[in-house]
Amino acid sequence: MTKNKISDKAIIGWREWCSFPELGIDNIKAKIDTGARTSALHAFNIEEFNIDGQKMVRFKIHPLQKDNDFIVICEAAVIDTREVTDSGGHCEKRFVIETPITIGNQTFSIEATLTDRDTMKFRMLLGRTALESNFVVDSSKSYVLSKKLNSKKGIEK
Amino acid sequence: MLLKQFIFIVFVSLGLSGQVTATDLITVGWLEEVQVDNSEYWLKAKLDTGADNSSINAEEVTEFLKDGKSWVKFSIQNAWNKKHIIIKPVLKTSRIKMKNGGVQKRLVIELKVRLGSISKQVKMNLVDRSHFKYQLLIGRSFLRPDFLVDSSKTFTLTGR
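Order-wise, the sequence lines are chains L and P. So for the first sequence, my numbering puts the first residue at 139; every next one is plus one. So for the second sequence, my numbering puts the first residue at 499; every next one is plus one.
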């Protein structure tokens, strides 16, 4: 127990706004989830394709929970395919991408699996592997490091 | 002069309260051993900031009526194969939306859980977690506002 010792890791809330600069996602709400090992993006219409022998994936995301008319189309290189067991105990094969994520003023690279479940409330889960070197999670707080940017209008122009 | 004093007092009290908050928080790993039901019974628990409520793998679940109220008796089994029987009043029956679109019925009880030096009564869903590695999942309603979860660490309290 590290009581009375202030951790050198930043405190992160259980919900944070984040962005994926290389995927073109400016604003997506992430659940900070110590119950999950890998991070996940909930996408739809996930399609595999090839560019010069590099396995790629194209997918769509509704980054805003309450706005299903707003779609961001993303492309990324596939670095792996992995068997992932979800919280319901179901095992499925998922594409894994590696991409930078920005939370507040920090940008770092994460691995995320793509899952075709657009019905979940959170479209992004940030799991333990992405958290372990930089953050400790405070379950009583939300949006500690981040604020929502009003950038959707900018995209629609 | 008065204003200066006032500013000084505000500054000092802000500084102090900030310190108190920081030292009151306990950093734990994402796996810890906890004691449940006011007993010496230990369970390995996953501390899950992705879940609001806590849930426990309940076996041999029997609902019954006592004085017109709904009660439940169930058993839990820990990592050392020790069995423990729990009998509690049913707080409520909730319907949980599953990721596959189905709906599952869950009994909710109140259970005492001790993590490190802190013990709390917490609402607990009785579920089938037999296909999971950890029998007990501790959610945010237990963790807040006392604990910070460090996902690079496990068993920081017991060192097992």
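Since the hints were derived computationally from the structure, they do not count as laboratory data. Beta carbons: idealized from backbone N, C-alpha and C, even for Gly. Mixed in with the good hints there might be a few duds.
Said to hold, decoys possible - Footprint (simulated), chain P over chain L, 3 or more residues, beta carbon under 8 angstroms:
no., segment
1, 146-152
2, 241-250
3, 269-282
### Task
Check each numbered hint against the structure and report the violated ones by number, ascending.
Hint 2 alone not satisfied by this model.
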